[in-house]
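These are the residues of each chain, in order.
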Amino acid sequence: MYNELEAIVGKEWVRPGNATPEYTVDGVVPDVVLFPGSADEVAEVLRRAHEARWIVAPAGFGTGLDLGNPLAKVDVVISTRRLDRVLEHEPADLTVSVEAGCSLATFNEIIGEHGQWLPLNPPRPEQATLGAIAAVEDFGSLRLGFGLTRDYVIGLTIVQADGTIIKSGGRVVKNVAGYDLNKLFVGSHGTLGIITQLNFKLRPRPEVDSTYALSGGALARLEEAARELVRSELAPVALNLLPAGTVRRCWPSSPVDGSVLLVRFMDLEPVVQYQADQLQQRVARLGLDVSTVGAETAMALWRAIDDFPVDGGDVTVRMSVPRSEAFSMVGLIERTLSAADDVQVIACVGDGTIWVSASYEDTEFTRSRLVASLKALRRECERRRGHLILYRAPRAVKRELDVWGEVGATAGLMRALKQQFDPHGILNPGRFVAGI
Amino acid sequence: MDPVIEQLRHLLDPDRVLSEPDELIVYESDAVTYHKRRPRAVVFPESREEVAAVVRFLSERGIPFLPRGAGTGLSGGAVPSPESVIIELARMNRILEIDYENQRAVVEPGVINVHLSQAVADAGYFYAPDPSSQTACTIGGNVAENSGGPHCLKYGMTTNHILGLEVVLPDGEIVQLGGDGADALGYDLRGLFIGSEGMFGIATRITVRLLRCPPTVETLLADFMTIEAATHTVSEIIAAGIIPAALEMMDKATIGLVEASIFAAGYPTDAAAVLIIELDGLEPAVVRDVARVIDICRAHGAREVRVAQNETERARFWAGRKGAFGAMGRLSPDLMIQDAVIPRSKLPRVLSQIYRIAEHYGLQVANVFHAGDGNLHPNIPYDGRDPEMLERVKRASREIMELCVREGGSITGEHGVGLDKIDYMPLIFSDADLEAMVRVRRCFDPRGLCNPGKVIPIRRCRAF
Ligand SMILES: Cc1cc2nc3c(=O)[nH]c(=O)nc-3n(C[C@H](O)[C@H](O)[C@H](O)COP(=O)(O)OP(=O)(O)OC[C@H]3O[C@@H](n4cnc5c(N)ncnc54)[C@H](O)[C@@H]3O)c2cc1C
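Those sequence lines, one after another, are chains L and V. At position 222 of the first sequence the residue is numbered 222 (the numbering used here), and the sequence of numbers has no breaks. Take any residue in the second sequence, count from 1 to its spot, add 1000: that is its number in the numbering used here.
For reference, chain L alone in the conformation it holds in the complex (with noise of 0.2 Å):
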């Protein structure tokens, strides 16, 4: 095996696993971590493995590998951090090709350079390759504002499961040819193909990004703001609420005491004025304070929350639920979870996204009184027609929760899909929703 592998890649980019801990996949040692120099040479693996039957895990820096059900055993993780190139920019279209390896950061720092974004964040843009977070579908608190990864990628380049490369999509922002593939592999978690190239549609960078933040009042007065704004003129980028104890570890130097509703606004200059002005005057309406937070302090507190949780917790999970129920999903939250240590709860209460993070004395009996709360909390989230994650977990905690939970009438589906797209199961077996 290695030495067919170091045929392909070359000996330089081929690692025996247990040399490469960054690359060990939620406790699994693979047997080699590869680092292919092109999409040709992933496939050239691919093949290899489909024929071997070699389990593979995709990898960018490694650093997500333990989101999803455990895997059983992986041979080979392939990383694709050496496709790392910005490819094609075309600033006056607003596209670009980009390899699957390049960093969000590094890429918006980059295209960043013609006044331009993806105006993505998810946790640790530094440490999470683009492939990646397509994979993974992976958002963060602007999600109300700029939406999902699948709405700006408009073209794929995939390596499917026996080495045949396809595209789907195309490099231009319209585009309705065939089916809409970019759907399926924009957060399959890496089980039908391995992505190596991505179009993205970007953004023009705003010109002013402000923070502000409401307090002074009961969590039933911030949900009646936080009401008030999604149903204004006024188009928050990001509306996040923080509970008593969560701004104590978010946001240590807050001068406010009690929860807090963080808004954010990115827009040209006045624009950014006029809705600060109008926040003022419909938050005094309701008796709350409003207050700017500095752009020091916001940028350090954004990067708090997108990291999520501080510290890291032991658990950590992300809830879904329709908007109207983020709130009374919190107090539900902070009643629940009230044995655990260190909560920590985050509510993007505009688009009902909410993150929960957990730490628990390492004992058999905290640990299954956690789980209960957690399934407990799953319940909750299914009855409002939603549904709770496991994002980061011990394996023991995974032993006992599914990572994702029930998917229902369309597991059929899904399974089909993987069947056509993976026949051999090589492609992170199990560590999807139902069983995939």
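Hints may contain errors.
List time: in silico DMTMM-like cross-link candidates among lysine to aspartate or glutamate, alpha-carbon distance up to 25 Å [what the hints assert, rightly or not]:
no., chain 1, residue 1, chain 2, residue 2
1, V, Lys1154, L, Glu207
2, L, Lys167, V, Glu1435
3, V, Lys1036, V, Glu1388
4, V, Lys1154, L, Glu364
5, V, Lys1036, V, Glu1083
6, V, Lys1154, L, Asp151
7, V, Lys1154, V, Glu1228
8, V, Lys1154, L, Glu44
9, V, Lys1154, L, Glu269
10, L, Lys167, V, Asp1423
11, L, Lys167, V, Asp1431
12, V, Lys1154, L, Asp209
13, L, Lys167, V, Glu1402
14, V, Lys1154, L, Glu113
15, L, Lys167, V, Glu1083
16, L, Lys398, L, Glu364
17, V, Lys1154, L, Glu233
18, L, Lys375, V, Asp1180
19, L, Lys167, L, Glu44
Think of the hints as simulated: they come from the structure by calculation, not from any bench.
Keeping the supplied structure of chain L fixed, place chain V with the ligand upon it in accordance with the hints.
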């Protein structure tokens, strides 16, 4: 009497199954009239249970079928394959739920696009995808085609506004794809279904996103004495990082036709091109962008830039644009409505080559299109009774497609592939790419009964 029709009458009421040849004529084609075939029957279900029952019945007998909305499609997507039964969804036209709190609505597939926006307008909301056919086309059809419209430049296509779908799969099973208020888990089956052109099943319930109406809207009409000046203006507006709500262009041929029709909008008939530029959002943003856009227009030699002074004038600017296809229809017996996309910075070059191609084939071409996203509609009036002329039209169309693809573009931006563009698919996709699409289809419809023969060219792919 066809026993299948007999039994369909049994499943639905007899008067909801059409089978007489003269009743079927209307259902032979969509809005592209040169693809025609008579269906075996047309049925009108009124609920998802009826859709599922009909689909199960047909699929058990291996009889092909296809969903149909309003039949305004422009790629032959709703043209039946031999022996197909059409499942017409026009009667499933109720708005089931409006939920402002979560900015969503749940509709049946036969709801006419504009009816939804009308239903939520008083509350200050709208449904963003606005195909020019929006007073006729259905939201189910929009989902199937991933339709666009003038305002998709800023707001995105149909796929950006659909949260979830209830679908009757081709074997009659009912599933929910995507969420219904929150995100769904697993592969994005919702996204995969949107744009599948009626081949993955029948959407019976659609959860859409509603947007708040922008507080300020300004609509500009700018006219230019050369095509190049207009196209450079478009490229420059986009490159400047301005995101207009809409940025539409009409050339001299189109202006002439519009002004001679009931849609006359007061466009200057001596201009080489006009642009309709709409900016919306918060007032200070719109004020600033209007000023920047006017500057860019002037810098590129616009003769006049008019800003609509009131709602009536704004509606008039738009009336000509929205009526343009209709106006063209009057010029000649037939009209080849084309749809292609190019990178928008290439507009000046590509457009001038399109004129050259038309001239080469002795044809007229009238361009009316979504300039801001590079989505061209070079339309060619012709007389279908003249086979030699039709041949020239087809050759010119192909050359235009090849040109757009060479420039890095696509063969369709919003009308879909259907039957009409099936032969162009290999211009942009390899056999392996097409094979991957076939595999996806196989998951949704293993027996290939739902709207067969569309999108994927058969001779290239073994499957169907
Ligand atoms: C004058 C004119 C202007 C137009 N302007 C635009 C425009 O600006 N932008 C644009 O994108 N398009 C435009 N179109 C094209 C057309 O209106 C759109 O493609 C529209 O979405 C078709 O809707 P329909 O209800 O008429 O669908 P149909 O033509 O009836 O069907 C289209 C396809 O959808 C499938 N289908 C229908 N209902 C369902 C369902 N419930 N579930 C699954 N599949 C289904 C059919 O099988 C078929 O393949 C225009 C057409 C005309 C005639």
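Comparing the hints with the structure gives:
About 18 Å separates the Cα atoms of Lys1154/V and Glu207/L, which keeps this hinted pair within 25 Å; it holds. Our distance criterion of 25 Å between C-alpha atoms is met by Lys167/L and Glu1435/V, whose separation comes to about 11 Å. Of the pairs offered as hints, the one joining Lys1036/V and Glu1388/V holds, with about 20 Å between alpha carbons and a cut-off of 25 Å not exceeded. Our distance criterion of 25 Å between C-alpha atoms is broken by Lys1154/V and Glu364/L, whose separation comes to about 53 Å.
For a cut-off of 25 Å, the pair hint linking Lys1036/V to Glu1083/V stands: about 13 Å separates their Cα positions. With a C-alpha separation of about 12 Å, the suggested pair Lys1154/V and Asp151/L falls inside the 25 Å cut-off, and the hint holds. The straight-line distance between the Cα atoms of Lys1154/V and Glu1228/V is roughly 24 Å, inside the 25 Å bound, and the hint therefore holds. Pair hint Lys1154/V plus Glu44/L does not hold up; C-alpha atoms about 41 Å apart against a cutoff of 25 Å.
Of the supplied pair hints, the one linking Lys1154/V and Glu269/L holds, its CA atoms being roughly 20 Å apart against a limit of 25 Å. The suggested pairing of Lys167/L with Asp1423/V holds, with an alpha-carbon distance near 18 Å, which does not exceed 25 Å. About 11 Å separates the Cα atoms of Lys167/L and Asp1431/V, which keeps this hinted pair within 25 Å; it holds. With a C-alpha separation of about 21 Å, the suggested pairing of Lys1154/V with Asp209/L holds against the 25 Å cut-off.
Taking the CA atoms of Lys167/L and Glu1402/V, the gap is about 19 Å. The hint holds against a cut of 25 Å. For the suggested pair Lys1154/V and Glu113/L, the alpha carbons sit about 23 Å apart, so the restraint of at most 25 Å is met. Between the alpha carbons of Lys167/L and Glu1083/V the distance comes to roughly 34 Å, so the proposed pair goes past 25 Å and is violated. Restraint check for Lys398/L and Glu364/L: the C-alpha separation of about 14 Å stays at or below 25 Å, so the hint holds.
Taken as a hint, the Lys1154/V and Glu233/L pair is honoured in the structure, with Cα atoms around 17 Å apart against an allowance of 25 Å. Note on Lys375/L and Asp1180/V: the hinted pairing holds, with a Cα-Cα distance of about 21 Å set against a maximum of 25 Å. For the hint pairing Lys167/L with Glu44/L, the CA-to-CA distance comes to about 17 Å; that is within 25 Å, so the pair holds.
Hint compliance for this structure: hints 4, 8, 15 are broken, all remaining hints hold.
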